[in-house]
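**Student:** Chain B: place on chain A using the hints.
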Amino acid sequence: MTSRDSKPSLTIEGLSVRYGDLLALDHVDLEVERGEVVAILGPSGSGKSTLLRAVAGLEPAATGRILAGGIDMTGMPTHERGLGLMFQDHALFPHESVAGNIGFGLRMAGVDAAEQRARIHELLGMVGLADYGSRSVSQLSGGEAQRVALARSLAPSPSLLMLDEPLGSLDRVLREQLTADLRLLLGSVGVSALHVTHDQAEAFAVADRVVIMRDGRVVQSGQPQELWHRPSSRFVAEFLGHPNVWDLNDEVVLAPMTALSVDHDGDLEVVVVDAVFVDGRFRITAMADDRRVVFEDRERPSTGETIRLHVNGRELRTLAN
Amino acid sequence: MTNAWRDRSLERAATARWIDLAAAAIAMGFLLAMVVWPLVAIGQRSLAGVGFGDVVDIVRRPATWRVLRFTVWQALLSTVATVVVGLPIAHVLARYRFRGRNTVRVLTVVPFVLPTVVVAAALSAVFDTLGIDGDHTLLAIVAAHVFFNLAVVVRVVGGHWATLDRSSEEAAAVLGARPAAVFRHVTLPRIAPVLAGASLVVFLFCFTSYGIILILGGPATATIETEIRRYAIFRQEFDVAAVLASIQLVAVVLLSLGSARLQRRLSVSSSSRRVSAGLPLDSWRRRCYVGAVLMLVVGVVVSPMVGLVNQSLTVGDHYGFDHYRALNQPLPLLPVSPARALWHSVRLAFGAALVAAAVGIPAARVIASGNRVGRLLEAAVLIPLGVSAATLGFGYLLGFRAFDLRRSPLLLPLAHAVVALPFMMAAVVPALRNIDQRVREAASTLGASPRAVAQFVDWPLARTGLMTGLGFSVAVSLGEFGATSFVSRGAGSFTAPLAIFRLLSQPGDALRGQAMAISVIIGLAVGATAAFLERSRQGGTGFL
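Sequence order for the protein chains is A and B.
Read in our numbering, the first sequence has 91 at position 79, and its numbers run on one by one without any break.
Read in our numbering, the second sequence has 800 at position 157, and its numbers run on one by one without any break.
So here's chain A without its partners, still in its complex pose (with noise of 0.2 Å):
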C-alpha cells in the first residue's frame, strides 16, 4: 500500500452509468486525497448512490475512468476491488454472527483465524461493541447494526471506505451522535472515505470537502463554509438550507439570514407572519410584498406586526439561476 502513498485515493475521470435510457451519472469528474473525507451531498435521483455503486463495480461504466490509488479499476470484478462500501440499510449477513459479520472480508482474503479474531476484536472495540461478537445480527439495535456494518467494511483495510447514506434510518438523536463519533473514527484511522448523503448538516459534519450533486452531474464542490457562503446556483443555495433566495431586476440574489437585522431605521419594511424557537433565537417568518424573508432576532414578535430590517449590502451575492 506504501506505493500508492503519493497517488490520490480515488480519481473518477468522466464517468456516466446508464440505467436504459436514463442517464444516471452523466460524465462526472472527482478525486479523493488519501485521508480525505468526502461527502456527496444531493436531493434523492441526483445519481449521488449510482456513483457509490459505480466505483465499487455494482453498476457498469458506460464511459469514463475509475482509479484507485492510480490503478485503473473501471470494469474491474467487485470482489478484486479492494474497497468497502457500507450500505443504506446495513445490509448485514442475516445467517452470521455479529463476529462473522465482521470477519466475512478477512475470511475471502485468506487471512488466518487467529489475525482473524484479533481483528474482530480490535474493531468490535473500535465501534464500542466489545462483548458483542457471538450475538445474532438480528438483535441488535437500529445504531448497533449501524456500527456492525461500519467495522465490517473496515476489518479488511480498505484503500477507501464508501459510506451510502449510513445514517439515513436512525432518528435524529443518535444521528447527531453517531455523526461526531463516525467523524472521530474515520479521523482516527485515517482511512479516505467517500460519504454519500441528502442531509446537509451530516455532509458539513462528516466532510472536509462537500461535493454537491444533481441530475447526475457535480454541480459545485469546496468546503463546508466555501459552499455556505458562496454558493455557485440558486440550486446550491436552497439546497444547502438558504432561505433567502431572491428573485431581483432578472437577477438572483442570495441575502443570507446573517445579512438581516432587526432595525428601525432600516430600509426593508416586512410583516411578520411567523415565528419559531431555534437553537436560542427566534427565526421568524414575513413577507415583504409577495417575497418570503427569513431572519433571525432575540425577541418575538408578535405576528401581523410591520418591522424593519437593515439589509448588509456587503453579505449579499448574486447567483446563476
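Please keep in mind that the hints were generated in silico from the structure rather than gathered at the bench.
Among these hints, one or two may not hold up.
Pulled a few chain B residues facing chain A out of the computed Cβ check, cut under 8 Å [stated by the list, open to error]:
#, residue
1, Leu1075
2, Asp1079
3, Val1082
4, Glu1084
5, Ala1085
6, Ser1087
7, Thr1088
8, Leu1089
9, Gly1090
10, Ala1091
11, Gln1098
12, Leu1104
Okay, the calculated bits of chain A under chain B, using three or more residues with CB under 8 Å as the criterion [to be verified]:
#, stretch
13, 88-97
14, 110-121
No residue lacks a Cβ here, since even glycine has one placed at the ideal position from N, Cα and C.
**Tutor:** What follows is chain B alone, placed relative to chain A:
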C-alpha cells in the same frame, strides 16, 4: 476506452445470462413434457379421437349427467359441512386463550398432510369401530372430506379472524346487539371474503377428490374422477375418459380463476397483520362454548386417527402387533409383500424428491428473478396442484403411449416429482426471494467472488428452504395415490398407498388390519415429517 477488465466483465455477464437461460430451459422442458403435454393429449383425444358429435353424445348420456350431478353434489355437501364444522373451531382458536390452544391448532392441520388413502382408511376404521355401516355411502365420503379439509377453513379463516380487532364487535354490543346479531352483522361481513375463498378451495379439493371416493364410495357414488379411472383402465374406453377429463379440466380452470379473483379482492381488504390477544375463559358460558367446540375437534379430528390405530392393533378380540408383523409375508392379493411395497414407496419418495429439487432449483432461480419467463413458470408449476393427480395420470397413459414411456421405470418418480413440485417451490422460492440483493453486493465488496457469494451467502440462506422442500416432496410422494394408480406397472412399482387401496377393497378382517397398519406407518412418517418441517420453519409464510 476498451480494456481487458471490461471485456472480462462482459464475458461474465454473458455466461450468467447463459446459465439463467439453461435453468429456464430445464424447468420449462420438464413442465412441458410432464404437465402440459399430458393435458394436451387429453384435450386432443377428447376432440380428435372422437367426432364433435360424439363428444356431445357422451356429455348428454344420462349416465354422464348422473356422474356430473353427483360430483358437484358431494363436493357441495362436503364444503358446507366443512364450513359448518370449521367455523366454530376457527372462532375458538382465533378468539380465545386457553391451555393447549397450540396443540389443538396443530391437531386440526394434521389430517390435511395425511395421504388420501390414509384418510379413507381412518374414516373406514372409525365407522367400523362405531358399528356404523359407513362403507360405500355419501356420509363416509363427506365425513372424510371434512376431516381432510378442515385445516383449510381453520387455518385460512381463523388466521384472518385472529387479525381482526375486536372493537367493532364491542361497539355493536354496546349499541345493544346480541352475540348472534353481532356475528351476523359485524363479524360475518368481515370474514366473508376469506370464508368464500377458503370454501372455494375446499370445493375444488372435493370436486377433484379421488382416493377417498374410490375407497369409501361404491358404484352409486361415482364421480368424474373415479369414472375416468373406470373408463380408462377397466373398460379401455379412452375416448369417454378423455371427454370426462376435459370436463374436469375446464371446471378446475374456472374454479381456479374464480379463486384467483377472490384472492385479488382479498389482498386489498386485509389491513392489519397484528394478531389480537385471545379472550380469557372467565365465564361459564365461554367455558361451555369452548368445551363443546373442543369436543367437536375430538369427534371430527381425533377419533378417526384413534380409530385407525385401534384397528391396526385389533387382532380378533385382543390387541397385538400381529398385523404389523405380518407385513413382510407375501399375500396372494398383492404382487409384493406390504413391507416390500413400503420400501418401494420410500425409494420412490427419495427419487422423486431429488428430481423435484433438480427441476425446482433452476425453476426457483428463474421465478425468484421475477422476469416474464419467471411469472410464466410460476403459474405452470402450480398447475398440478389444481389439476387432480388422477387426471395427470390419465394424461400420462394417453400422452406417453407413443414413446412407450409408460413402461419406463423413470415415469413414476417423474410423475411424483410433478405432484411434489408445487410444494418444493413453495419452500424454495420464498427462501431465494428473501435473500436481499444488497447482502450479495455487500459480500462482493468484501472480496467474495461470485462463487464465494453462492457458497457463503446464497447457500446458507437457501439451505433451510431446500431442506423443507425436499421434506415436503418426500411426504407428498409417500402418499401419492392418484397418478400412481394410473401409471404403476408391475411389482417393481407397487407402492404402499396402492397396497392400502387393494387391501381395503377386499373383505376380510386380517387384510383390513394390515391396511390399517400400513396406513399408520405412512401416516406417522408423513405426519412426523410435516411436524418437523413446521417446527424448523423459520418465520416466513407457509404454504397454507
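**Student:** Work down the list of hints and note, for each, if the structure agrees.
**Tutor:** Tested hints:
1. Contact between leucine 1075 of chain B and chain A, as hinted, is not supported at the beta carbon level, the nearest pair being about 14 Å apart and thus beyond 8 Å.
2. For aspartate 1079 of chain B, the suggested interface contact is upheld, since its CB lies about 6 Å from the closest CB of chain A, less than 8 Å.
3. Taken as an interface hint, valine 1082 of chain B checks out: its beta carbon lies about 5 Å from the nearest beta carbon of chain A, inside 8 Å.
4. Satisfaction of the interface hint for glutamate 1084 of chain B is found here, the shortest Cβ-Cβ separation to chain A being roughly 5 Å, below the 8 Å cut-off.
5. Because the smallest distance between the Cβ of alanine 1085 of chain B and any Cβ of chain A comes to about 4 Å, under 8 Å, the interface hint for this residue holds.
6. For the restraint placing serine 1087 of chain B at the interface with chain A, the shortest Cβ-Cβ distance is roughly 4 Å, inside the 8 Å limit, so the hint holds.
7. The criterion of a C-beta within 8 Å of any C-beta in chain A is met by threonine 1088 of chain B, whose closest approach is roughly 4 Å, and the hint holds.
8. Taking 8 Å as the C-beta contact cut-off toward chain A, the hint placing leucine 1089 of chain B at the interface holds, the least distance being around 4 Å.
9. With 8 Å as the threshold, the beta carbon of glycine 1090 of chain B comes within range of chain A, its nearest partner Cβ sitting at about 4 Å, so the hint holds.
10. Here the hint on alanine 1091 of chain B is kept, as its CB sits about 5 Å from the closest CB of chain A, short of 8 Å.
11. Taking 8 Å as the C-beta cut-off, the interface hint given for glutamine 1098 of chain B is violated, the closest approach to chain A being about 11 Å.
12. Hint on leucine 1104 of chain B holds. Least Cβ distance to chain A is approximately 6 Å, under the 8 Å limit.
13. Requiring three or more residues with a Cβ within less than 8 Å of a Cβ of chain B, the coverage given for the stretch 88-97 of chain A holds, as 10 such residues are present.
14. With a cut-off of 8 Å between beta carbons, the stretch 110-121 of chain A has 5 residues touching chain B; three or more are needed, and the interface restraint holds.
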